[in-house]
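**Q** First to last, the protein sequences are chains A, B, C and D.
In this text, residue positions in the first sequence follow this note's numbering: the first is 40, and each later residue adds one.
In this text, residue positions in the second sequence follow this note's numbering: the first is 40, and each later residue adds one.
In this text, residue positions in the third sequence follow this note's numbering: the first is 40, and each later residue adds one.
In this text, residue positions in the fourth sequence follow this note's numbering: the first is 40, and each later residue adds one.
Hint data in this document are derived by calculation from the structure and do not stem from the laboratory.
Wrong hints could be hidden among the right ones.
You can't tell identical chains apart in this list, so a pair holds if it fits in one copy or across any two.
Here are the simulated lysine-lysine pairs, DSSO-like style, with alpha carbons at most 27 angstroms apart [said to hold, decoys possible]:
1) Lys182 <-> Lys297
2) Lys205 <-> Lys79
3) Lys261 <-> Lys361
4) Lys175 <-> Lys297
5) Lys153 <-> Lys104
6) Lys104 <-> Lys247
Predicted model only: the values in this text are computed from it and were never measured.
Protein chains: 4
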Amino acid sequence: MEKINIGLIGVGRIGRLHAMNLKYQVPGTRLSAVADVFEKSAREIASQLEIPIAEKDYRVLLENKDIDALVICSSTDTHAQIITEAAQAGKHIFCEKPIALDINEIDRALEAVKIAGVKLQIGFNRRFDPSFRKAKEMVQSGKIGIPHLVRITSRDPAPPPMEYIKVCGGIFLDMMIHDFDMTRYLLDEEVKELIAVGNCLINPDIGKHNDIDTAIVTFQYKNGAWGTIDNSRQAVYGYDQRIEIFGSEGCIQVGNKKPTEVFLSGAEDTRSDKPVYFFLERYNESYIDEMKHFIHCIKENKEPAVSGFDGKMAVVIGYAAKESLLKREFVRVASHSSDC
Amino acid sequence: MEKINIGLIGVGRIGRLHAMNLKYQVPGTRLSAVADVFEKSAREIASQLEIPIAEKDYRVLLENKDIDALVICSSTDTHAQIITEAAQAGKHIFCEKPIALDINEIDRALEAVKIAGVKLQIGFNRRFDPSFRKAKEMVQSGKIGIPHLVRITSRDPAPPPMEYIKVCGGIFLDMMIHDFDMTRYLLDEEVKELIAVGNCLINPDIGKHNDIDTAIVTFQYKNGAWGTIDNSRQAVYGYDQRIEIFGSEGCIQVGNKKPTEVFLSGAEDTRSDKPVYFFLERYNESYIDEMKHFIHCIKENKEPAVSGFDGKMAVVIGYAAKESLLKREFVRVASHSSDC
Amino acid sequence: MEKINIGLIGVGRIGRLHAMNLKYQVPGTRLSAVADVFEKSAREIASQLEIPIAEKDYRVLLENKDIDALVICSSTDTHAQIITEAAQAGKHIFCEKPIALDINEIDRALEAVKIAGVKLQIGFNRRFDPSFRKAKEMVQSGKIGIPHLVRITSRDPAPPPMEYIKVCGGIFLDMMIHDFDMTRYLLDEEVKELIAVGNCLINPDIGKHNDIDTAIVTFQYKNGAWGTIDNSRQAVYGYDQRIEIFGSEGCIQVGNKKPTEVFLSGAEDTRSDKPVYFFLERYNESYIDEMKHFIHCIKENKEPAVSGFDGKMAVVIGYAAKESLLKREFVRVASHSSDC
Amino acid sequence: MEKINIGLIGVGRIGRLHAMNLKYQVPGTRLSAVADVFEKSAREIASQLEIPIAEKDYRVLLENKDIDALVICSSTDTHAQIITEAAQAGKHIFCEKPIALDINEIDRALEAVKIAGVKLQIGFNRRFDPSFRKAKEMVQSGKIGIPHLVRITSRDPAPPPMEYIKVCGGIFLDMMIHDFDMTRYLLDEEVKELIAVGNCLINPDIGKHNDIDTAIVTFQYKNGAWGTIDNSRQAVYGYDQRIEIFGSEGCIQVGNKKPTEVFLSGAEDTRSDKPVYFFLERYNESYIDEMKHFIHCIKENKEPAVSGFDGKMAVVIGYAAKESLLKREFVRVASHSSDC
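Let the sequences and hints guide you as you build the complete structure.
**A** Here it is in structure tokens:
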């Protein structure tokens, strides 16, 4: 079968990761072009990975008739615009999360995709993590009966630079957004309402940018089940990414991934590894698998498992959490979205 | 040294447990009398454990000059009255939780104890669990730096009979009361405010008695740290009693206790035990150790580590949780208690 | 039902343990007499546990018509003689391991028991450990198909005093004897032949007494399955008591018991407890349960699950191991016993 | 820096794996030619991986001046001859284990390598497994003091086809050879003598080819420490690859790798994954890392960490084990090798 020609926009950390995966790990694709506003970065990665085309302006890629699909890894504020133009150019689209920080912008981008009839997949890679996927399949197949409570622990090893904190949209839209998507994924059920608490326990400077570094959201699904998510910008004991799902017939627990299986027992205690360092290590396989899924959907003309609506809903829940934190009261998620 | 003479009031399940422990596991005591409104039960246990005196009326024990201390295991509604009378009779007092379901009653009982100058220890046995005690010591010695989040998972294997549900005061005052005490114990810090959610996911009949079977309380300590507690009246996978404490320098996790260390690996998977059945098995050692501590405090003239104030505060927090659930808003714990 | 009257002979460490258990943990018994060549020790324990009779000479207990059964915890060199006399006196017998260090002595004692028709149970307490018992039941019920390999890891936290090393009969008859019994227990199958290796890696002084401190025995069962046992007199990381049984349909693993379920995760690693200190802690339940079983067998007129023959066979295998170590060749176990 | 040009000989299962890794996972290399006696296979893989040259005769690769190094994955009986010719052609050599089944052949090949002064690395990939490497580093840095006992558990999920059994050289030279290398790697110490036992418990047909499917080797290092290895051709509960190293100051344990971190707790028990399927999954990273190491050694002109001597010694120990099994006695490893 013909290879799918990919153009990749934005070669920052996550863009480079996708470029490497497209080049080496995803059969049936050809990474034929990259674009980045820092043209030098685009040229460097093109040289390193033997990619024929390297551009400053992503529009050159849109106009390239040989390119079948675009992988959008540029800064968040450009996502919606590029999605819209890419859809109009008839390209299939993989876009990193979030689609945008403005719900109306998201709606317009999704409308363009709908009209063009192209594929759109949002980069909620954790859905493709083998452990979380297995947990979800267990829920689906009734292994724990009716779910009662979903608990997501999601704690980063270290906070991002303050420059990033300023522009990322806050902990709910930048960090917990992954967990909001996970809650919807695990139970195939929408969140009805939530209440958020949090403050700055790690670094008071984060508070100066109207953000928090420690947050807990408690929510209820439309079917009556409950969920809690806790985030911390700094877990010195390692990237803590665990999930528990309690149900009427049992309980699923997903533990952390560790770099080795070595235990050292001495006169004091038994010691084992802390979890793998951060998301690149922890979710390594999921980044490959989400891209394989995207290519598969293009080839087989199927709808990607992470839709534009999924991308929107995580943002919608994020805004509900922001509002709840501010008002100190329960906020209904629906109130943030006309059609959900 | 002289043995401490104990009179035990109420020989239901927990009363029998304390009687067995006092007889066989706690050196330096003599279980010299039991009383129970069901005189036959008192006589049976007396015969079985070779206890000289068995009475219907606990007041006979109060009047017995040889008795140094009373262990109160009668029904909750009698606790405050017996404490008051026992204090006036100059007996040291161990009383099962809760002291009472009415704060004013509690205050009056504590006042009587204060005036009499006798020892009073409340039966928050979990403080004496070796794992939880070790966790607390780790927090105290700074092993995890400044605590940020305490998470308590507390799920029973099966709901109590509906008759019990009717009179127990509700999930917050009957079941989560242990966890409220644990939150204060672990951090030596008071709860400032909380928000409670919950509903009936196990058995709708519980709802008919204005109670819930699934509850989550999120709270903030006065020092700014956070906590969450989740309760379920039915965890089919076993009595789930876990604690996690996240801090600036690390994380403590307390797992469940299992009856054996056997793992069976077959063509499908690896299988291991579910947790030990219920509180008698899980907290076996703690029941012995709390009683040893009580006897030790009497002999050494020390204040018991679980005070009447501790007993009161767990109830105060319980009422705050009830109010929060009803009002669907944050409730300050202080508002339920004039002096805390 | 009538209580069984017990006389206990020898109040050293293990004797005191059995005395405590008989007094407090084993219903249906009365510990009515103790004897010890150190009369003062006998009197002390009698006073402490309110035992009516304390003697220097065990024969006084033999002559006491009220005593139904004897628990023999005296030094090994006295076991066979006391068993013989006790059997002749018509007493049921619980005897600590080993029965004797001389096979002929063992045979004579077992013959006396046979003639008298009394019960005899040998103190291989580990058969009553909940984890090992569960493992054995899994083997019996076919959970792992046909067993192929039994692996026993048995390592003490610290070597005994050199005085004990001198008289204990060597590592195979003193320490590995428990593991030899375990091999027979787990598979209900006799050992055909074995090969032993070992040396002094812990303390060269042990070698001066013609003993070793590190030993590995590899053996074959009569049915063709294999086994290995490794012993060390000093595992600084804690009392290491593990078993693995590999079979055609799966594998059973029994891990170590730990004092708490606490895990501490920090910037370096995750730390958990070392195993419980030594045999009194590790096998606490098994000491109680073996005694309950003994009493049960007396009351119900059943044969104890750990027979005199079991007691003999562990010694027989021990001698085979000693011979193999010396000769550096395979030794058939049968060659050490006329009737097995 | 210039890329290293690689020619790969033999494109069976392991050859294809190395080809994939060289193409996608090992920077600084160019896989420029493949050869296979089944020319069609060579052409297929060349087409799939865009390798310019595909040949039937490996000698064409030897004559190619552009090729810097050869990766030998052909059948075992061709290894020594190709090593010799490759060395004479001045190519660096990576060769799969074993070098040969004949010690003299091995000696001649190693002599040719020595004369030519080219690099030679043998494919004992497990040395590059992150867990085993960490265990070795812990031993080296004294974390467990003086090692006393190394225990290697190495059990395959299913036996190979009978056709393979016939030609593989037997369980000691085909399967346990990896474990023999591991014993030398972990302690940097030679094996002095060993005793082997084993039989056919899995499939009697294996016995018809004078081989066994279940084997235990107990050995002593020259420094007095001990080791045991057990192999089974069929562990239905999964590929069991564990190591324990007991020392004077502690113990290292390396557990199995599992595909997910999911635990399912239900009314019966808690269930978790069996280990990853087989060596390709278990040792995935080690295959990449051994090749990176080989390339690194070429570029930096260093000696590969797995030398020709290492390759020879594993075979030497294998023959000692074969002899011991046959003679039922201890065999000194030195007797199988003039210079070790």
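**Q** How would you classify Lys182 and Lys297 at a CA-CA limit of 27 angstroms: within, between, both, or neither?
**A** Both, since 26 angstroms and 20 angstroms are each at most 27 angstroms.
**Q** As a check of your reading, is Lys261 near Lys361 (CA-CA no more than 27 angstroms) within one copy, between copies, both or neither?
**A** Both. Shortest intra-copy (20 angstroms) and inter-copy (23 angstroms) distances satisfy the 27 angstroms Cα cut-off.
**Q** Since the copies are identical, ignore which copy is meant and state whether Lys175 and Lys297 lie within 27 angstroms (CA to CA) inside a copy, between copies, both or neither.
**A** both (21 angstroms within a copy, 18 angstroms between copies)
**Q** Pop the pair Lys153 and Lys104 into one bin, within, between, both or neither, using alpha-carbon distances up to 27 angstroms.
**A** within (21 angstroms within a copy, 57 angstroms between copies)
**Q** Regarding Lys205 and Lys79, is the shortest C-alpha distance of 27 angstroms or less found within a copy, between copies, in both, or in neither?
**A** Classified as within; 26 angstroms inside a copy, 59 angstroms across copies.
**Q** Could you figure out if Lys104 and Lys247 sit no more than 27 angstroms apart (CA to CA) within one copy, between two copies, both or neither?
**A** Classified as neither; 47 angstroms inside a copy, 65 angstroms across copies.
In summary, the structure is inconsistent with hint 6 from the numbered list given earlier, while agreeing with all the others.
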